[in-house]
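*Asks:* Residues per chain, in single letters:
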Amino acid sequence: MSIAPKALRSLLPVLVILALIALVPLASPSNRFLSLAISAGINVIALYGLSVLFGQTGILSMGHAALVGVGAYASAILARDFGVGFWLALPVAAIASAVFAMIVGIPSLRVGGHHFVIMTFAFGQLVAIVLTNGGDYTGAATGLDLTDHVTLFDADMTDLTRYYLMVVAFVTAAAVASWAIIHSSYGRTLRAIRENEKLAASLGINVGRHKIGAFVVSGVFAGISGVLLAYFLGHISPSQFSSFPSIYLALMVMIGGARLIEGPLAGGILVAFLPEVLNLDPVQSRIVYGVCLIAVIMLLPDGLIGGIVRALRGLFAGKPKPETERETAPSEARQ
Amino acid sequence: MQQVSIAVDIFIQQILNGLSIASVITLIAIGVTLIFGLTGIINFAHGEFLMIGGIVTWLAVSAGLGFALAVVLAILAVGLMGYVLERGLFRFTLERPTNGFIVSLGLIVVLQHVVVLFWNPNQKSIPRPLTTVWEVGGVRIASVRVMVILITIAVVALSFRMITASRYGRALRASVEDRDTAALMGIPVRRYITGVFVLGSALAGLGGALLIALFPITPFTGGTMVMKGFAVALIGGLGNIYGAVAAGLILGIVEGFSAGYGFSQWTDAYSFVLMILVLIVRPHGLFGGTSGPRMAS
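Protein chains in written order, with the working numbering: chain A, 1 to 335; chain B, 1 to 297.
These are calculated hints, taken from the structure and not from any lab test.
In this text the structure is predicted, and so the values were computed from the model without any measurement.
One or more of the hints may lead you astray.
Claimed, not checked - Label-pair ranges, simulated between beta-carbon atoms:
(1) B:Asp-180 / A:Arg-32: 55 to 61 Å
(2) B:Ser-143 / A:Ala-201: 53 to 59 Å
(3) A:Met-102 / B:Val-273: 17 to 23 Å
(4) A:Val-99 / B:Thr-267: 26 to 32 Å
(5) A:Asp-159 / B:Arg-87: 51 to 57 Å
(6) B:Phe-160 / A:Pro-13: 56 to 62 Å
Yeah, the Cβ is synthetic: ideal placement off N, Cα and C, and Gly gets one too.
Starting from the given sequences, assemble the full structure and let the hints guide the process.
*Replies:* Take a look at the structure:
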């Protein structure tokens, strides 16, 4: 698998931005800023998974927060019952979320198209209900505590600044992984499915298996994000992973733009910091998110970053180039 | 003998409870299924339409109006909202139903929090419009539940009659079957789409008014209710109104029983499990549905 130098150039802006973000602690930011940034970063990792699913394959999941929840609960239960620490919990939770994604994906993708979204939504709700009714094992509605510290080379990472840097490192890994998927032949296969499912199938692509595969990949990202979330918050509860958090994740990825590699980063950061910048209370900021989402879908179908890129190109080139990736919504396969 | 009659009492009681909730869910499911059948748009915000119907009823009753008048106001207000949203937003997403779905996600967030902003997130309830409880052979029948069931039966029967027997209904069914051909036959399909949005919204408004007569509601009630509405619509087959009514009955009875026999904490899970199972076995629903409108693409 060779990657063209042109493809490498598309990774560069993200790496530069992330390097700048990693320098933020030098400006001695407030703890509140760091906490917000960490939450944003944890979301961004999950969003990269969602962008592979939605941006590349064209299938929208409304249960992504449930996959994050599987990872978070897996790490909390591992720490409680088996004394498993952060670093071992990471791969285990990622596998747990991926397996769960596969269990959800097989029946959901069988029904296809419109029904898939509703199925993932239903599975998300079911996860929250099961966690709530899980008794002592899942801590019922109050959830679970996770007070273990994260250590790396004998250094305690629980300190906010260190945790921030670690999350930035994970975001970078997620961005690079998602970039590698986009530019691999696997990514091309997924895009072929997105653009025309029937045509892809007629070329010998196993559409069903690849769709489930993309869902499983999104689960891996979600699981890792869940572990980071559980260790950061120290407490998790079912309501964090029900269907509404899933809607917010979908909203972030669409506001940022699902197809470009900058999209999830922009969406996660924007949604986290918009209320701070505009000085809004949570209720007002949610109204603003909703309006933003509607406006982005109606006016900038490539998401905010896509819109900015196009505007810049228009400015420099005189007229906008015909984009290869123009629509946000996948062209739907007609049965 | 005594034991048996008590069991029968509880049985009838649970059927009544289940049916009254099923009525509200069926009202949502009909709207969802009609809108999907004609436009292919999965309107997730339909539950919020219902919630707003409940809020309007609550406002009207709190302002001293009678319940009957409040119901009419709720139907009109939500119908008007449906009209405005269709003309202002969903009209532009007809060619891309997925965008319509995403817009509806945005609407969920906006509508919920606008209500929270103006009328706080707490539970809202109205005094029961009918307080009589009939005792028939040991079975206690709350008249308000009977009222909800009867109103729903009347409205559903009327909608059926309209869709199966009137020329407008025939034109509507033709448009669901094949939008382009229907348009060629001179049916103003766009106007029918607006009409279906208004009708579906009005039914959701009625559902909200009936719901608040039964239970207190919060600005977040819509989320669970719409999922149940979708579950019912999918179990019955999306686009199939008869299926929606039949599936609503099934779900209502299942939920009523489970609440009556001690599994109440799992009540919300049944609709999802039932839906997932049905879709795995019969992807087009129990009674067969459409897979959305066919469009020239």
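*Asks:* With respect to the beta-carbon atoms only, verify the hint that Asp-159 of chain A and Arg-87 of chain B lie 51 to 57 Å apart.
*Replies:* 55 Å, holds
*Asks:* Confirm or reject the claim that Asp-180 of chain B and Arg-32 of chain A have a C-beta distance inside 55 to 61 Å.
*Replies:* 56 Å, holds
*Asks:* Please check whether Val-99 of chain A and Thr-267 of chain B have a Cβ separation lying inside 26 to 32 Å.
*Replies:* With Cβ atoms ~28 Å apart, the hint holds.
*Asks:* Is the hinted range of 56 to 62 Å satisfied by the C-beta distance from Phe-160 of chain B to Pro-13 of chain A?
*Replies:* Since the Cβ atoms of Phe-160 of chain B and Pro-13 of chain A sit about 58 Å apart, the hinted range of 56 to 62 Å holds.
*Asks:* Please test the hint of 17 to 23 Å on the beta carbon pair from Met-102 of chain A and Val-273 of chain B.
*Replies:* Given a distance of about 19 Å, which is inside 17 to 23 Å, the answer is holds.
*Asks:* Against the range 53 to 59 Å, how does the distance between the Cβ atoms of Ser-143 of chain B and Ala-201 of chain A compare: consistent or not?
*Replies:* 57 Å, holds
Going down the numbered hints, you'll see the structure goes against none, and every one checks out.
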